[in-house]
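Same order as they appear, the protein sequences are chains A and B.
If you're matching positions, the first sequence starts at 13 in the numbering used here and goes up one per residue.
If you're matching positions, the second sequence starts at 166 in the numbering used here and goes up one per residue.
Rather than coming from a laboratory, the hints here were simulated on the basis of the structure.
We put the beta carbon where it would ideally sit given N, CA and C, even for glycine.
Keep in mind that the hints are not guaranteed to be accurate.
Covered by chain B, according to a simulated footprint, are these stretches of chain A (three or more residues, beta-carbon under 8 angstroms) [what the hints assert, rightly or not]: (1) 223-234; (2) 249-259; (3) 381-390; (4) 394-408.
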Amino acid sequence: MQRRDFLFHTGALAGSAALGQLGILASRAGAADAAAADAAAADGYKALVCIFLYGGNDSNNMIVPVDAAGYSAYAQIRSSIALPQSQLLPLQEPAGVLRYGLHPSLPGLQGLWNAGNLAVVANVGTLVQPLTKAQYLLGTTQKPATLFSHIDQQHEWQAAISDKSSNTGWGGRLSDQLNSLNAGANVPPMISTGGNNLFVTGAASQALVIPVSGSFGLSGFSNSAADAARRSALVQLLSLDRGADLTAAAQDVVTEALSSSATLNPILTAINSTVSQAFSALATTNFSQQMLAIAKVIEAHSSLGAQRQVFLATIGSFDTHTNQVNRQQTLFQQMDPVLAAFQSAMAAIGAAANVTTFTLSDFSRTLQANTGGGTDHAWGSHHMVMGGAVHGGQIYGMMPDLALGGPDDAGGEGRWIPTIAVDQYAATLASWFGADATALAAVLPNLAAFSPSTLSFV
Amino acid sequence: MAARNAGIRISGAALLLALAACGGGGSGGSSPPATPPPPAAVQPTAADTARLLEQATFGVTQTDVVHVQNEGFAAYLTEQLAAPASQYTGFSYTPHTAPVGCQTDPATPTDASSLCARDNYSLFQVQRQFFQHALGNPDQLRQRVAFALSQIFVVSGIEIYEAYGMADYQNMLLNDALGNYRTLLQDVTLSPVMGHYLDMVDNDKYNAAAGTSPNENYGREIQQLFSIGLYQLNPDGTQQLDSSGAPIPTYDQDVVEGFSSVFTGWTYPPLSGATSHWTNPTNYDGVMVSFADHHEPGTKLLLNGVTLPAGQTPAQDLQMALDNIFNHPNVGPFIGTQLIQHLVTSNPSPAYVARISAVFADNGHGVRGDLSAVVQAILTDTEARGDAPSAANFGHLREPALFIAGMMRSLGGQSDGVLLRSAASAMAQPVFTPQTVFNFYPPSFVLPGTQTFAPEFGIDDAASALARENFVNTVIMKGGAAADPTVTGSTGTSIDLSSLAAITDPTGLIAQLNQTLMHGSLSLGASLAIQGALTAQSATDPLAAARTASYLILTSGQYQVER
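Okay, chain B solo, but in the shape it has when bound (with noise of 0.2 angstroms):
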């Protein structure tokens, strides 16, 4: 993390100024009121309909643009707030150790043993429900943002790979991406899932005559990664400085041994009618409970010098605990940031960093934590907004699983999702399955030999970034994958280009596209290269220009980078 500011640390002087221009408040950024605002006075352009498309949602569809330029803006993300939460389903308990009959047998992939196999303990089923919901539900902003928050509040298949462990996992974070996130921080910490991931599950307080200490794990990420990072923060995001120009840490291992022994005394919650003892059977349906007799007992040291007293209970440590991370100034810009790079670009600037970390202090009715006012503030900020943006380093790659969806989603795909969680394995980032907690990329990435603050790139290699184009090849030139039969009501993956087809001059073909692809900023050197190709193609196949002019938009760089 110490990389992440670095290129966007600044001088006393200009940090005044983004000071002064956050004004103390932060527009945008009130709570939803209890009725609809009116429609916008003034109807947004289809361009900067399509960018806060881009950025709210799993891809953009016309009938959204025409829907969205009509009620405005702030109507829409109510409407958002309001919908349904997806959830996974068809996901229930099984035990840690799959039983025999039902293992992966590579002889024979496709019998009952390993078909039990792939849907019980490997995420098949999870990460195709994944692209499911992105494809087609509602409730496009909330899983949006449950997507980013999987990727901060990192849980991996590596090691949650029973499906129902990580289905109740991200049904968490769905139901808890707009509400508030002390919330959000206490649903993570207590869920068995990331016990598991994190060993807070099944620690237990010192043991002298064992010579053995509580697991540091939990106690030390929670601060690193979930709220605060490892500097003390200026509210627009920089790195606050020492007298002798070095950042300041926010901890050191004394607190990483407080919170350490805070998070003692939890275990699973007890299987379905058993008695629940110390320590349950892995079980990752429901909450961790508690052992007082396995909580450190002594004093706790915490973030900011405070020190919790000798003898609670092991909920009331952790709710005092999870209250001083909540409270420590670093959460809103070290939280917002990372939304911001997930939603709308990788290199935001102080100042609208400060606006976010503002309003994630106050939602303008006194609440801090407010994460649907924190999303609201980040989307109709001014710096996301307009037709274009002027910054040469503004937006972010599309990741795959973003990439992939906004493709399919944009031209009015259809799929099961097994292709596309193969395909986004293919392009490095298989869903829900990162190396390690610090997710696929980390947010400090920069761009070789640059300043450029670029976390997708994290993941765009050779191999991946073709692993990109090939994907563009079979759905688009190999009009995509036939149904599995292996799958329950697989419908494999197409996208019907048959209304493009029907579009016989190149011209308008690609103005098409560039509507519907890149909300019309494609360049005139783009669409003239694109319709040399064109004049190449057949003119007897009928879907010879489409699939030829969506292929080399979509392969495009102008395409992959969302501005």
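Bound-form chain A, shown alone (with noise of 0.2 angstroms):
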């Protein structure tokens, strides 16, 4: 049990303190945080949004030690790459403790941590049952499918299955479940931003995917007696010929598309709306468009009828396998704002406790750096969770040990072996969604396997 050595070789935290990081402890809400969710009950909405890194994030640039032994080991190792521990801005814990730092390009997402909006979750990752690392190399536990390769870890993280291919995602089995709570919904319980997505496929939940900037819809269409029989006989023919699948399911791509087109655009193109003035001062970029684009739906949620909303935006090129220190910043520099932005807009339509955003990526990267000056496929990652009701300024779970082939690693090159299950950090989420115990077991379906099933991060 080396790696619950670790916890306390940090020196700073007793026992109680250490079940608390793994989330086994009540909640540590504070009175501004029971006060927020009371404000955001009044309707009862919940959103979840979903910042997929795709690539694989090195979370290893991105919570760093700043403690003297622990920046050294880190330093060492990361040597070219590493970031200057003068640099890393201070991650404060309860009780004075200070551990780790953030990336020097995300202020942002240290002053939400500062007011207790921001949590990170250690070494989060795809799991099939716990492992540990003499599991691992006895290789008599299962282990999750196809480690290391992005395609089938992005798929894991959003399916919340690890030992096999599944075609649902988690927060598409989640929307399926709660289904009943947007009866009177005009959209789709998902939205994305990032295209058509495993994460909000349900098997009887789809997403809608809106553009990522401006509206959508079907031009060429005027009041003439003329178009409006062409437009007639357009969705005429989206009703026939259904035997062959493929057919039928183009025809129901336009069809859903122009329902709801019809009506999001009008809010898309609003230029008036609360949550734009938030995100007025930043550059814009493809990722501020998507997550103005989700802001202004939220804002926006009671004229759709929606109670319960799964959001997914994306951010791509976080495979940083050369020049990782310039290509992390870059991307960074272009995140960091924008989730400020929206964690603003959010509180500016009182919404902030209402809506909770995540991050999810393929897998973190190797702690030895490559010839290249950048990081290969890893595994276990650290993930961050936004918003008015999270339990904010905590590091959830334990931080591994930064050695090679030291008791975290699954080899020699520093891949974390996970020591929460993406299901657990699912659960999580689902749970303060409004999913009660039977549909948390229909979400996630390996969750009993690990224990607690759920942490107390929201």
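Since each chain sits alone in its own frame, please combine them into the complex, following the hints.
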């Protein structure tokens, strides 16, 4: 149990605090949290916003030890791609503990942390069941399928099923389970600005994909009788000749698009929305446009009749096999102000505690650098959870021992064996969203393998 | 990739049947004979001929239908194999960082600096030529296969933004598309474009002092995406299973590290007139060059337990490693399935895949990896042929580039490619610019809630589906696009519908379009719905009926899914 010993070696943590970090103790929600939650509960609306960091974000350079011994171990292994200690943004933990700092390009997230609206969940990853290093090396305990492969690990994160492929994702299954809460909604329960995605695919619920910017709709139809007849025929054709699977599927995509675009276009093109103001000072990027579109839909949720909405936004290019320092910095510089603006926008519409935003990614990256100044595919990764309902300012779970070939390393390059399963991470968010025990079991079929089933970060 | 075969996994008994049906040979897979075969004894039907042309070209033309009916499928394919390869032309080396004076200025998008950036530091001109070639050049089959290969051996304009680099790479795919897979694999591997994209370029050996190891990107993806995939396959594409019923991985992390060591010691080709050194500046012209002192000297673990001896040169290791991959039994079913999906159907039967794997293994003359034989076998297979497919899951959604080009070709349109390239982007397929090496969509994509494979649906969503309809509106209803004054020789985009407009009888008009666009498969119900819309069109606008009927067929699911 060397990995647990590591926790105590940090010195500042008593046993109970360590258990709290694991999420076993009850939540530490403060008075401010509770007040926000009460205000937010006014109409009972809740939204989950997933931000998928495509390519595998290197979380070893996102959360970095700042204490002398920890930083030294980190810097020695990371050599050329180590971040300077002086530039790290400290993450003050409860009771005066200071163990870690944030990447210097994440000042917005540091502010959210300080305000208690951001939590870090340590070393989360794909698992079939809890797995020690000894079990991993022995090979008799089942481990996730196709570790270190982009698309498969993406799918396992999106499905929260790691032992086999799945045709549904956990956002989709969650929407299926809570479908009755959206009985009056006039848009699908899930909306994606990142295209079709397994995360937002359910057995019964499908995501609506909206454009990153601007509106979407059918062009070229006036009010003339001729155009009305052409449109009528177009709609009629959508319901004919459904014997061929793919033809019917193509028709269904258009049918949904015609319906939802009519509902959402006025919302997406609104220029005077409250949430827009929070984004007005930002440089326009693909990601800022995605998050603004999502914020606009959330602002309009009551007119859409939606009580539970799941959103997906994506950022790419985290596959930093070379030149990692510059590339990750660029990505974080894009991401950080947008996340801060999004949280401000939620606060401005009184929905700060109704909306919880969280990251997913393929995997983290090797602690050891490669010869190209980059890192390669790894496994367990730290993740961010943001929002007014989040019990922020804390790290949940156990940070890995940064030693090559050490107690947390699956091999010799720093690929962390996760200590929190995707299933637990997802269950915590799903539970906040309103899934009861029955629903949780349906959403996360392998959850029973892990204890506790939910953590306390939100 | 794990999901790809899940839906066509079959029982042991069914597997035996599938293998028996395969017969150990594979029909129609022999190498092209030296002289064209005699004309077909029985002329193929117009419908089956049009279907073949949908699968083998960028769009059916009635001229081609008549031509192919007359000479037969085998002779047509032989003719196509011999057609000279299209090439992207007019591009030359530019430095990796755009010089001052050649950088986009958003304030003056049409000044010389911005146009220089557009033409050299974006894929604008390459994408334009892609559509010009697709619409007009005779080597249609080669272009179709090269386009499919560009979505397997992926590089993206996101990182390869220099036009000359992408032109070089696509020219290589066009040249190799109907050659041997082993040649293709080596040309891809040594391409500085791929080297840049997946980091084989400048990949250095282990450095104990710095604590760094070789970059694993190319060593992993060449196996996962370009050759064998993640799991051991049967020749029919189904997964082999172990005694506990689990799929069997093709490689592990140790093998990834073995190949990563193989692919060390290569850098960009030297610039013209410059001395070559470790490392050369970014240059996409030519092939990568090796430096033995930057090549990992130790042994390397490859597939199937093979270990390369220590101390070989970079080129020796590379040849033996590529042979090791090439001879893995997965390559035929892995690559064959994807080519079938791109050309014919998203859901080939295991027996179909097995027939193609057999041709990949042996083209009939003892040669492994003959892509021309594989492509001919795919197109002449019984499962691909006939007037109408019977299986409900047969066919595939026309991906945006095929949808755009097919519509233009079948209706006799002309274009400089300017509108077409931007339309493809709006439909979520910016040509040669997918988000990642996993292409625009994965071959494993299934229709939500089903087991039906539907790769192209990975990018068919509310926004992109309406972009399809709106492109048809632009070209058919609004007359297309005018010439772009900033593009040399620009002709705009247009389709002349006057010959259709000459058909004044609505039934006759629909029947003509049914033949031109749908190889006669438009349903009666659909015809009646279109006819209903035609009655409301202007009697004084001679084009109104032709436009309306064309619009309705092109925007329909029946047209957009090719069956």
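Against the earlier hints, flag every one the structure doesn't satisfy and list their numbers going up. Result: hint 4 breaks, nothing else.
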